[in-house]
Structures are given as structure tokens and as C-alpha cells.
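Could you put the whole structure together from the sequences, leaning on the hints where they help?
Number of protein chains: 2
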Amino acid sequence: MTGGAVEISPVGRVESSLVDRSAAPRQPDEGAPEAWLVIDERYLAALDGLTAGDQVVVLTWLDRADRDTLVVHPRGDLTRPPTGVFATRSPDRPNPIGLHDVEVLAVVGPRVHVRHLEAIDGTPVLDLKPVLTADR
Amino acid sequence: MTGGAVEISPVGRVESSLVDRSAAPRQPDEGAPEAWLVIDERYLAALDGLTAGDQVVVLTWLDRADRDTLVVHPRGDLTRPPTGVFATRSPDRPNPIGLHDVEVLAVVGPRVHVRHLEAIDGTPVLDLKPVLTADR
Numbered sequence: 001m002t003g004g005a006v007e008i009s010p011v012g013r014v015e016s017s018l019v020d021r022s023a024a025p026r027q028p029d030e031g032a033p034e035a036w037l038v039i040d041e042r043y044l045a046a047l048d049g050l051t052a053g054d055q056v057v058v059l060t061w062l063d064r065a066d067r068d069t070l071v072v073h074p075r076g077d078l079t080r081p082p083t084g085v086f087a088t089r090s091p092d093r094p095n096p097i098g099l100h101d102v103e104v105l106a107v108v109g110p111r112v113h114v115r116h117l118e119a120i121d122g123t124p125v126l127d128l129k130p131v132l133t134a135d136r
Numbered sequence: 001m002t003g004g005a006v007e008i009s010p011v012g013r014v015e016s017s018l019v020d021r022s023a024a025p026r027q028p029d030e031g032a033p034e035a036w037l038v039i040d041e042r043y044l045a046a047l048d049g050l051t052a053g054d055q056v057v058v059l060t061w062l063d064r065a066d067r068d069t070l071v072v073h074p075r076g077d078l079t080r081p082p083t084g085v086f087a088t089r090s091p092d093r094p095n096p097i098g099l100h101d102v103e104v105l106a107v108v109g110p111r112v113h114v115r116h117l118e119a120i121d122g123t124p125v126l127d128l129k130p131v132l133t134a135d136r
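Protein chains in written order, with the UniProt record's numbering: chain V, 1 to 136; chain P, 1 to 136.
If you're looking for bench data, these hints aren't it; they were derived computationally from the structure. Just so it is clear, CB atoms sit at the ideal spot from N, CA and C, and this is done for glycine as well. Incorrect hints may appear among the rest.
[Said to hold, decoys possible] A short list of chain V residues far from chain P (calculated; beta carbon distances all over 10 Å):
no. : residue
1   : D20
2   : P33
3   : E34
4   : W36
5   : A45
6   : D63
7   : V71
8   : G76
9   : E103
10  : V108
11  : R111
[Stated by the list, open to error] To be clear about the criterion: a stretch of chain V counts as covered by chain P if any three or more of its residues have a C-beta under 8 Å from a C-beta of chain P, and this derived list gives those stretches:
no. : segment
12  : 7-18
13  : 92-101
This is the structure in C-alpha cells:
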């Protein structure tokens, strides 16, 4: 019914001091560090116009997630009833795409410095999009 | 550098009266209609707990996008300077994943009725996530 699979090639990787999923904050207001997005040279032109101060959504591929999980206890709290992953932000889900709202601190060639990224080192980056404003 | 491609299987499809990309509004406040997300039966359990009134982000695969486009005139306006797609919301980009903030109107078995979805009929659905609140 849903048709064929699609193939996604990461456009870059996260470079971060976070190296362990268990240490990664679940949300950026829980203490995520600054990090770098290192974009592959072949996608460099796609960064044109991105500047310090921009608010962007970074899409990542949560490559350590369990894609067979359909139901979880929200936030791992066993006292809470099992809930379908589409009603939670669990990283474990059929297509574990992470959404991260970050501020751009600097763009240096293919490297984008960002504030408050709750993704671990090496996480594949799929896309960057500006947070919506009226004119972009 | 960025490692291997990842394979994503859509979890469902959009059912909408929008059938033509040129007629699709670029943003939901430009008149997107109500639509249905028809989730594949094998992912039905992942909908548990999703209810009318929930605000969710729907991730779609914009399967008619041009994945070779790296630079565009924002909003197709030729008077505006060419800009890298990572600094725009152009659907044409290396990994054309759509993000759609919608309100759930009803969940009926594997079918999720939503308000203001600016995706055309047949668009593959990759994921649903609740808009962030403190407890999910």
C-alpha cells in the first residue's frame, strides 16, 4: 500500500562532545551543547545564504534507534501507560528522523556551528531548513 | 565522508483533494485543506494514544521534488538572489522531507484526519511526532 522504500543519503555529520546516547539530553532545554554540522563538500552550495543568527531545523537520522519499536512507555517511565510512538518523541520508531531547533552561531566553509544540538557525535545530518518566516 | 545511504519505508500516504504540485499552497496558512493520513496496518499500534486535538508534526517524502537542486530563487521569485536550499524551504533539495504542523481532527482505525496539510494526494508519510510539550 505504501509503495517503495526511498533512499536517503546523509548530507553531512554531527561533530559533538556528546558521544553516548544515554548521556544525550532528550530535549535541548535539558543542556545540549554547542556542536558542528559538517556538510559534505558536494552539498556546499546549498549552504549559501545561511548566516549566524539564523534559526534552523536540523533533520538527523538517529542511526542507533530501534526501528521495530511501535509502542513505548513515554520518556522511559514504566509507571506511564504504553503509548504508540507516533504519539511520543521516542527516538525508537519506524523512521527515526530527529528534528532539532537550533541557532546558527557561525558558518565556516562546509562547517556550521550551532547552539543546543541534542544529537550525538557522528549522527548523520539529512537536511537543514530555516524556521518559517514570512519571506523565505 | 557522510557514510552510507539509509533506506526509509513510508508508514502511510496522504489522501487529499490537492492533486497538483502547482496548486499546493507553500505554507498551511495559504489555504491548505483538511486531509487524511492513511497509515499502513503494520504500523497501527504506533498510533495508540494519538487523539483529536493533538498538535503533530507530519514528516512526508516530497516525491516529486528535484533532488539535484542546491540553489534556488526564494519562493520562485527571480528578482531575489539565488540562495542555497538549506537557507530556504524549497521542496527541491537533496533530501526532500516535508514538515507539516497540523491538528488532529480524528483518528479512525489506521486513518488520521488532520487540518491544514499542504501535501498533495499520494504523498508518502514518513513519521508523525507530537509537537513538544513538557511531558511527552
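Okay, the hints, checked on the actual structure:
1. D20: holds (19 Å)
2. P33: Holds, because the least Cβ-Cβ distance between P33 (chain V) and chain P comes to about 19 Å, which exceeds 10 Å.
3. E34: The claim holds: E34 (chain V) sits with its nearest Cβ about 19 Å from chain P, beyond 10 Å.
4. W36: Fine: 13 Å to the nearest Cβ keeps W36 (chain V) off the interface.
5. A45: Violated, since 4 Å does not exceed 10 Å.
6. D63: violated (7 Å)
7. V71: violated (5 Å)
8. G76: Since the minimum Cβ distance to chain P is about 12 Å, G76 (chain V) lies beyond 10 Å and the statement holds.
9. E103: holds (14 Å)
10. V108: Per Cβ check, V108 (chain V) is outside 10 Å of chain P; nearest 15 Å; holds.
11. R111: holds (12 Å)
12. 7-18: holds (count 7)
13. 92-101: Three-residue rule met by the segment 92-101 of chain V, so holds; n is 5.
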